[in-house]
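Listed below, chain by chain, are the residues.
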Amino acid sequence: MIIVAFDGLTKSYGHTPALGGVSFDVPSGEIFGLLGPNGAGKSTLIRILMDIIRPDEGRVLLFGEPRTRAHLDRLGYLPEERGLYTKLPVVEVMTYFGALKGLTRAESRRRALEWLEKVELPHVASWKIERLSKGMSQKVQIAATLLSDPEVCVLDEPTTGLDPVNVRLVQDLLVERRRNGRTTILSTHQMNQVEALCDRVALINQGKLVVYGEVGEVRRRYSRPEVRIAVRGPLPPVALAVAPVQEDDGTWRVTISNGAQPGDLLRALVEAGAAIDRFEPMLAPMEDIFLRVVGEGRA
Amino acid sequence: MKGWRRMGTVATFEFLSTVKRRGYLIATFGMPVFMALYGGIVALPAYYSQQRDKEPSVFAVVDGSGLLHLRGDAKISTAQLPAELRRALESAGQKATLDRMQADTNIIFRPMAEEPAARAALAARTIKGYFVVPADYLQSGKIDSYGPETLRFSSSDARNAFSDLLRAHLLTGRVDGAVAARVLTPIGESRRFAVTRAGEVIDAGRAATAVRIILPVAFMVLFLMSVLMTSGYLMQGTAVEKENKVVDVLLASASPDEILAGKLVGLGASGLLQVTVWLSVVLFVGIGIVPLMIAARVQVPWAAVALSLPFFIMSFLFFGSLMLGTGSLGSNMRESQQLAMVWSLTAALPLIFMALLIQEPHGVAAKIMTWVPFTSAAVIVLRASFDPGALAWWEVAGTFVVLVTSTWLAIRLGARLFRIGLLSSSRPTFREIIRQARLSPSTRA
Numbered sequence: 001m002i003i004v005a006f007d008g009l010t011k012s013y014g015h016t017p018a019l020g021g022v023s024f025d026v027p028s029g030e031i032f033g034l035l036g037p038n039g040a041g042k043s044t045l046i047r048i049l050m051d052i053i054r055p056d057e058g059r060v061l062l063f064g065e066p067r068t069r070a071h072l073d074r075l076g077y078l079p080e081e082r083g084l085y086t087k088l089p090v091v092e093v094m095t096y097f098g099a100l101k102g103l104t105r106a107e108s109r110r111r112a113l114e115w116l117e118k119v120e121l122p123h124v125a126s127w128k129i130e131r132l133s134k135g136m137s138q139k140v141q142i143a144a145t146l147l148s149d150p151e152v153c154v155l156d157e158p159t160t161g162l163d164p165v166n167v168r169l170v171q172d173l174l175v176e177r178r179r180n181g182r183t184t185i186l187s188t189h190q191m192n193q194v195e196a197l198c199d200r201v202a203l204i205n206q207g208k209l210v211v212y213g214e215v216g217e218v219r220r221r222y223s224r225p226e227v228r229i230a231v232r233g234p235l236p237p238v239a240l241a242v243a244p245v246q247e248d249d250g251t252w253r254v255t256i257s258n259g260a261q262p263g264d265l266l267r268a269l270v271e272a273g274a275a276i277d278r279f280e281p282m283l284a285p286m287e288d289i290f291l292r293v294v295g296e297g298r299a
Numbered sequence: 001m002k003g004w005r006r007m008g009t010v011a012t013f014e015f016l017s018t019v020k021r022r023g024y025l026i027a028t029f030g031m032p033v034f035m036a037l038y039g040g041i042v043a044l045p046a047y048y049s050q051q052r053d054k055e056p057s058v059f060a061v062v063d064g065s066g067l068l069h070l071r072g073d074a075k076i077s078t079a080q081l082p083a084e085l086r087r088a089l090e091s092a093g094q095k096a097t098l099d100r101m102q103a104d105t106n107i108i109f110r111p112m113a114e115e116p117a118a119r120a121a122l123a124a125r126t127i128k129g130y131f132v133v134p135a136d137y138l139q140s141g142k143i144d145s146y147g148p149e150t151l152r153f154s155s156s157d158a159r160n161a162f163s164d165l166l167r168a169h170l171l172t173g174r175v176d177g178a179v180a181a182r183v184l185t186p187i188g189e190s191r192r193f194a195v196t197r198a199g200e201v202i203d204a205g206r207a208a209t210a211v212r213i214i215l216p217v218a219f220m221v222l223f224l225m226s227v228l229m230t231s232g233y234l235m236q237g238t239a240v241e242k243e244n245k246v247v248d249v250l251l252a253s254a255s256p257d258e259i260l261a262g263k264l265v266g267l268g269a270s271g272l273l274q275v276t277v278w279l280s281v282v283l284f285v286g287i288g289i290v291p292l293m294i295a296a297r298v299q300v301p302w303a304a305v306a307l308s309l310p311f312f313i314m315s316f317l318f319f320g321s322l323m324l325g326t327g328s329l330g331s332n333m334r335e336s337q338q339l340a341m342v343w344s345l346t347a348a349l350p351l352i353f354m355a356l357l358i359q360e361p362h363g364v365a366a367k368i369m370t371w372v373p374f375t376s377a378a379v380i381v382l383r384a385s386f387d388p389g390a391l392a393w394w395e396v397a398g399t400f401v402v403l404v405t406s407t408w409l410a411i412r413l414g415a416r417l418f419r420i421g422l423l424s425s426s427r428p429t430f431r432e433i434i435r436q437a438r439l440s441p442s443t444r445a
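Residue numbers (my numbering), protein chains in the order written: chain A, 1 to 299; chain B, 1 to 445.
These aren't lab readings, by the way, just hints derived from the structure by calculation.
It is possible that part of the hints are untrue.
To be verified - Below 30 Å or equal to it, Euclidean Cα-Cα: the simulated DSS-like pairs (lysine-lysine) are:
#1 A:Lys118 - A:Lys87
#2 B:Lys142 - A:Lys128
#3 A:Lys87 - A:Lys134
#4 B:Lys20 - A:Lys87
#5 B:Lys128 - B:Lys142
#6 A:Lys87 - B:Lys2
#7 A:Lys118 - B:Lys245
#8 B:Lys20 - B:Lys2
#9 B:Lys20 - A:Lys118
#10 A:Lys118 - A:Lys128
#11 A:Lys208 - B:Lys245
#12 A:Lys87 - A:Lys128
#13 A:Lys134 - B:Lys142
#14 A:Lys134 - A:Lys118
#15 B:Lys245 - B:Lys2
#16 B:Lys245 - A:Lys87
#17 A:Lys128 - B:Lys20
#18 B:Lys20 - A:Lys134
#19 B:Lys245 - B:Lys20
Unchecked claim - Beyond 12 Å from chain A on every Cβ pair, some chain B residues (computed):
#20 Ser91
#21 Arg110
#22 Lys142
#23 Pro148
#24 Gly177
#25 Met225
#26 Val240
#27 Val249
#28 Pro256
Here the structure is a predicted model, which is why all the values come from computation and not from measurement.
The beta carbon of each residue, even a glycine, is placed where N, CA and C say it ideally should be.
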C-alpha cells in the first residue's frame, strides 16, 4: 500500500529552482531513505510534505487522498535544524509536542515519561533543556517526535552527533516502528545506515529524482557483474569466469562474462568440481552509487 | 474542530509557560508592592507638611485702623470673634457659620503696636509674617502683608483667616445674624448636578465626576500596560522559537493562524490575569471607598463598565495580532520591538488625546475616533462613562462590528506576516514581504 505519493512536485525560490517535477511513492510500513547531496531539494520536499511550504505545481497524496491539514496529527517530523525550548523542563516540552499532535495532556505526559525510559533518559524529565548535553538533547527531540506514534514520520539526520551506542539505540527504535507497521522517511548522508536500515530509497539531485527503488535492487542495478568466491584448492577454469583476481584474504573476485547471471557461474563451478565455501554476488555500496550518480549530475 | 484543539493547545502552553516565568510573577505581584512603596514615598512629604501645619503659626497684626480690638495672642475661634457677633449668629440659628468661623485653623494673630517691632520679630523668625491695617483701611481697603523672603503667604490660609477676622469685626453690630452669616459664608452648602441631553438630572459632585474620569482613564492605562507587556511576551516567545529552531516543528503541527491565535489567547489570558490581580489589590485596598460612594449616592456608569470587557478583549486581539505579525519579521528581539513600536504608539493615542476627549466626549474628534479601530475601545468606554445618553446604541453596535471585522483582518494579516517572519532566518526585505503577502496561500513559501 502506498502511504505517501509525491506527484509532479515543482518549487522555485524566486528564480532558483528547488524541485523540478519530482514524483515517487513511499510504501507503507517501510523505512524509506531520502538521499541527495546538500541543496538537492530534500528539505524542500519534506517541508512540502509537512505543509510548511506549498509547491508551485504538483500535489502530495497521503493515505491515498490529497494531503490536508487534518493529516498533520498522523505525521511526525524531526527537522535537520532543530531545537527545543531551552528554559523549560524536558517533560513539559515533550508533553506540548505530543499535545500538538492530538494527544491529551495527561496521555502525552504519560508517553513522554515512557519515551524517556526508552531513550535511557528517565532522570532528565524535570531538567531544563539547557542543562542537557547535545546528545541528550537529540535523543529527547527524537523521543518527542515519536511519542505520538505517527503513522508517517520524517527524520532528517536523526543520528548526527550521536555516539555509536546511541546510534544503535535510535536504529533499534526505527526497526521497532517498522515492525509495528509504521512508515519512516529517513533523510541521511550516512550510507551505511541506509544499507543497514532502509527498504527503499529515492535519490534526488538538483531537484530531480535520479534513483528510486528497493535498496537491494538499486545496489544490484549499479553493481558490476562480479562475485566473490572462496574455494578450497584452486579455482577451476570455467568459461563464464573472466579475469579472476585473488585477493589478500585468499578469496577470488571474478567478473561474470556478458549476459550470464551469478547462478549460471555457480552452476558451472560446481559442475567443474570446485569445493565452494562462499559464493557472494558483489553489490555496489550505496556510497559508491551516491558518488557516481551525483558526480554524473555535476558533469 | 482540530484547528480549535490545536489553538487551545498552543494557548494552554503559552499561558502556563508565561505565568510560571519569574519576570511575570515579579511584575504581577511586585507591581502592587512597588506602587504601595511609591505611594508611601510620595505621601511622606505631604504627611510631614500636614504635621507641620498642626503647629500654631503666629502672625502679627499692626492695626492702625482700630477696627480689630485684638487682645493678646488668640485664634479666631476664641477671643478674636466678637461676643456680640457670636450672640447674633446663635440667635439667628446660624450655627453652621459659627462652627466654620470657630474651626481650628492653628493660626494665631498677635497684636503689635508698631510696624518696626513686627518687622524685627519677623527678621528674628519668631513670627511667620504680619499684616498692617492702615488707618484709612475702611476707605482704601488696602492691607499690607509681610513674610520671609522664602515664603509667600499672601495667598495662604493665613490670608483667608485674616479676611474672616476682618469681616467678623466689620459686621459686628451692623447687621442681623442671618445677613452676617451670609456675608461670612455666602455659599454654605453646594450640591452639583448635571442635566443630560435627555433632560435627566444626575449627580455631578466630585465623587461622581471622579468615577466618570477614573473609569476610562483606568481602562486606557490598564489596556496600554496589558498590550505592551503581553506583546513583549509574544515577541520574546517568537524570537526564542526562531532562535531555538522550534518553528518547523510547530508549523508541522499547526497552521500559522492557529499558532498566532493560540499565542494571542494564551498570552492575552496571562495579561488579563495580571490585570485582575492588580485590580483585586486595588479593590481590596480601596474597599473602604465603597460605603463613601454609596453615601454620596454616586451613580456608577454601568454602561461603560459593561462595555469595558468586550471592547478590551477585542481591541487586545486587534493590537496583539498586528504587533505579533510585525514583530515576527525581526531577526532578533530588539528588531522585533522596533518594528512593533508603531502599534504601541498607536495604542497610546487615546491617552495622548485624553484632555480633548474629556472636554468634548461627544465632539467631532471623539466621534471620529469612535469609528477608528485603533482608538474605538477607549473612546467608547470614555463616552459611555461621561454621558451614556448621548451615545446611540447603533454607534456601540456599529463600532463593535467594525472592531470585530478589523480584528479578523488583523489576525489574517498578522498570520501572513507571522508565517513570512517564521520562515525567514533573517529580516525579510519590504519587497519580499509584499511579494509573499500578494501570493495566494497555495503558492506561498
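Outcome of the hint check:
no.	hint	result
1	A:Lys118 - A:Lys87	holds (23 Å)
2	B:Lys142 - A:Lys128	violated (81 Å)
3	A:Lys87 - A:Lys134	holds (15 Å)
4	B:Lys20 - A:Lys87	holds (11 Å)
5	B:Lys128 - B:Lys142	holds (20 Å)
6	A:Lys87 - B:Lys2	holds (28 Å)
7	A:Lys118 - B:Lys245	holds (25 Å)
8	B:Lys20 - B:Lys2	holds (27 Å)
9	B:Lys20 - A:Lys118	holds (29 Å)
10	A:Lys118 - A:Lys128	holds (19 Å)
11	A:Lys208 - B:Lys245	holds (28 Å)
12	A:Lys87 - A:Lys128	holds (6 Å)
13	A:Lys134 - B:Lys142	violated (90 Å)
14	A:Lys134 - A:Lys118	holds (18 Å)
15	B:Lys245 - B:Lys2	holds (24 Å)
16	B:Lys245 - A:Lys87	holds (14 Å)
17	A:Lys128 - B:Lys20	holds (14 Å)
18	B:Lys20 - A:Lys134	holds (26 Å)
19	B:Lys245 - B:Lys20	holds (22 Å)
20	Ser91	holds (81 Å)
21	Arg110	holds (72 Å)
22	Lys142	holds (76 Å)
23	Pro148	holds (62 Å)
24	Gly177	holds (79 Å)
25	Met225	holds (24 Å)
26	Val240	violated (7 Å)
27	Val249	violated (6 Å)
28	Pro256	violated (10 Å)
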